[in-house]
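Produce the entire structure from the sequences given, and follow the hints as far as they go.
Protein chains in written order, with our numbering: chain A, 1 to 418; chain B, 419 to 675; chain C, 676 to 1104.
Just so you know, these hints were derived from the structure itself, not from any lab.
Remember, it's a predicted structure, so these values are computed and weren't measured experimentally.
From the three backbone atoms N, C-alpha and C, an ideal C-beta is built for every residue, glycine too.
One or more hints might be untrue.
[Unchecked claim] In silico DSSO-like pairs for lysine-lysine, Cα to Cα no more than 30 Å straight-line:
#	chain 1	residue 1	chain 2	residue 2
1	C	779	B	551
2	A	416	B	543
3	B	479	B	660
4	A	100	A	30
5	A	416	B	515
6	B	543	B	515
7	A	30	B	479
8	B	481	B	616
9	B	450	B	481
10	B	543	C	779
11	B	660	B	481
12	B	561	B	515
13	B	450	B	479
14	C	779	B	561
15	B	616	B	551
16	B	421	B	450
17	B	481	B	421
18	B	515	B	421
[What the hints assert, rightly or not] According to the in silico footprint, chain C covers these stretches of chain A (three or more CB under 8 Å from chain C):
#	region
19	224-237
20	282-290
21	322-331
22	378-391
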Amino acid sequence: MNRYPDGIVKEPPDWLSRRGLLDALLLRLKGASQRLSIVLLDMLAIGVLWILVSYIISWHAHGVIAYTLVPWWLFGLGVVEAAAIWESFGRSLGHLVARKELRPREGGESTLGQRLVYYIGWHVTVLPMIGLLASPPWHERLAGLSLRPVSMEGHKPAPWWRTSSGIYVAVFLVVGLAAAVSVTMDEESLTRLFTQAGRTVKFWKALFSPDRSIILPSIRDLLVTVFMAVMATAFAVVVAVPLSFLAARNLMRGPIGRSLYTVLRGTMSIMRSIEPIVWAIIFLVWVTARRAPFAGVLALWVHSIADLTKLYAERLESIDPGLVEAITATGASRLSVLRYAVVPQIINPYISFTLYRWDINIRMATVVGVVGGGGIGQRLFFYLKNLAWQQAGTVMILIVILVWAIDYLSSRLRAKLA
Amino acid sequence: MAKPYLVVENLTKVYERGQVVALRDLSFTVEKGEFLVVIGLSGSGKSTLLRCINRLIEPTKGKIWLDGTEITRLSPRQMRRMRRRIGMIFQHFNLIKRATVMTNVLTGRLGYNPTWRTLLGLFPKEDRELALKNLERVGLSDKAYVRADELSGGQQQRVGIARALMQEPELLLADEPVSALDPATSHSVMQYLEQMNKEDGVTVLASLHFLSLARRYGTRIIALKDGALVFDGPPEAIDDAKFKEIYGEEAEQVEIR
Amino acid sequence: MSSNQTATATPATRNFWNALRRRALSFFLDWLVWGYVAYGVMYLLNKYWWTVPLERFYSTLTLPSWGWPLAILGTLEMAVWSRNLGRSLGLRAFGYEIWGADGKPPTLSQRVTRALLWHLSVLPLGMGIWLSPERPWHDQGAGTVVQPAPATRLAGRRKAIFSQWGLMSLFLIGFTIWLGWLIIQIDIGILFRRGDEGMRIWREMLHPDFRYFAVPDPAFELRNLPYSILDMAVVTLFMALLATIMGAAVAFPLSFLGARNVMGFNPVGWLVYFAMRGFFNIFRSIDTMLWAVIFAVWVLWGRPLAGVLALTVHTVAALGKLYSEQVEGIDPGPVEAVVATGGSRIEVIKYAVLPQVTPAYWAFTLYRWDINVRMATVIALVGGGGIGDLLFYYKNQGDWPKVGAVVMVIVAIVWAMDYISGRLRERIT
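Laid out in structure tokens, this is it:
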């Protein structure tokens, strides 16, 4: 132990050590990135609104698709300036999302002059971005304002239609809806919607008078579809369970672990974003149309792995750390900790997710059949395209019964597990 | 002079790049067989201190010696060996909810059995007999095969004690063991700890909320405030002035009978 | 909440009928399991032994006329014997076991007697159960009783793997995998034999051709206007947005009509509730893609309107179900409070129900928007319009680099949508 008298040997000050410098720099970066994200969000919001408005105008007035109506540099300039003005003279969307507002450092209300100084100083600090690293940034310091978390004391908040962000959101919704309607609806189909309605009465009648002759073949197809879903789910579980341990943030620590986690999560995200139908098409070309059910199973398998890994890993990330602590405290090895502290907590949720995914796979298996993936979907699509409404109706009734039954079973089982 | 059993030297723990200081330069020693109670307000660092001792939390600075070994320098494998000798019980019991009491108690022997055995759940007969003996000791032998979450709070904490007993520990860390229990059950649980301390010679380090419990069961008390040590001495030495210093100006003594 | 069940039944008798129902279900589960085994056996027989002409792929469910009664009776017998000679899957699933009435485990002769007596008591239209429901004839005759299996007795028994239900479960899993393998005609070999082809496609897709990303592709036209990938992506996003907003707007009022605690106060209310729930279930069971085919034939094939309508219909059904489940799960306290002040039904909804369900409603709507974006990207296959049109157009031309480009754009859209929706939902809850 210490044999020297007290006070002789002192530690160097914190900020001078390498760790201290790194800490200080990271803190500054955190503050800078927060402000930057506010600015970027505002710019994005204004940019999107501009694009939507020009989209509508160009579509209706000129009949072409255009996104900005003005040259790009003017667009960029306009967006940046608008964002600056919004931020300086009001409470912008970025402020709202970050739950902060600009207030004078000494309290009270800000004056127009302060805000003007802030606006001008904004260009000097934010555009080159270096100025953001200072804490507080130069434009805030000059103007005497600072970005603070919102405080609710004193005044009651203004109703949404009097805040600039509220007005923005309302305008955005209206414009967005208008754009959506102009893009998706066109006269021809709309008129057909209403004129064909008479025809569809015959269609609905045919739909509900089943054709008995096709019931047995359809049930066979249904069984194939169910088997497709079962195989895809079963093999997906086998792969997803070990992958999920590698994709859980709290289990993957250290540089190797972290990079593996990032890569895995990213890949799974991408794989999830591609719908099974697209996978089915790719696999169909690969295994030829003769083995269509196999292609369908492969497509469902790939998508299920991605989805299940995500669900499993998210559940792993939210286990109770107390139990892990307790088992670690007895001196158990890593593997034993997993088996006794982690696994008991996740078995039921894992089974529940598997059932959920099985349910979805049954639905998707009916759809994958449409691309020739075999099963009942193929039969239904065939009937629909050939306008054989009676047969299509029969098949649809069978599908409804199947999906409803599986849905009911799966939710009962999951309720028992929870 | 024999070295004390547990020596803590300049223990410091900071979080969030230096923004939050949980433990400030703590130094104290514990003799073998003592019943040391750590008191202080919530957030004063009691849980962090206990967890640093068996390195569930890694200290930022400082050294800890246990029975002559500097445990802050041990490798993870050696630390696991060391943890076998340190039992721990928790405020929220931390049992495997859906498993039986027997399985929960058997996990106390995880450090003593090879991994292949524990992965398959094949604990040796001696371990099972020891489990039943320990369950009888805490008065739960008839609940051996009941699911852990079907027991009351006091019973669950007793299962936790039985689990700790399975390790045949030299040191027992108790992180607010009775905070989630009513007064009568608290006394019963504390008495088990006292029994372990007096009959088995286990050194106990317990963090408690209520000063009256600390006075009744502890042989020595240390008090933390904002992560720093503000008192280290026998329970009788805490008078009103010391009390206010530990708990703050507006605190009042509450008796738990 | 008023109870419309058998108000005259005391809790004891209600529990009793529940127990009987569970026992019956447990039997039917066993029967179903054996029926499935029989189905598998029949399939394998058809595949390997008998040749059934004209059934190229699906040699299932084909039996000679004497086969059906044999199957039904045979599986029934197997179910009865398996239940009595061990702890079958059905017994385990519902937590029962067959035990001696004297408290001791049943002997072999007791078990066999019970199985034989079963035929006398249950087959004649269940006489043995109706006439002596507490303890049916076959139980009385054999001196056994069917009871819930207590946990303490199970401790210390041999491992679950070796019990009948454990072995049966393992067998079923393996059997299913085998059967599925055959039915789907899984042929791993083809992946390698055509591996070059597969690799070629992948390679070409991973060298995407973004030529027509912002510049419209002259060969592809929608409504006499050339579209680029970006344009189609925008159309797709709008389709999803519109469908979600319209769907949520329609589902919102309907969800109250489908909630038991809002509707269940008079017979008309119950009818509306059942109708609404039935409507939600049925319309949900038909996948969006199938709706798209219907609408595509109705309005023109390939127009975004078809896709929007299909998405909207499915959204209404799905959101309606989610919303109404949420309404059913609220805390009844505030409802009581508002009713006590004399509020009307609408006021109860506005002041007691709405504040509790609003965050969940937003979360579900965002979740549904995410799903709708995914669906909108592929709904073009069935005539729903959107970026899928480009995808399938290029695929039909075998132009894989362009397919890769479209797929990457789809991934970018869906991933961004997923991320945004996830972050927003975190903020809400």
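_In rising order, the numbers of the hints this structure does not comply with_ = 2, 18, 21
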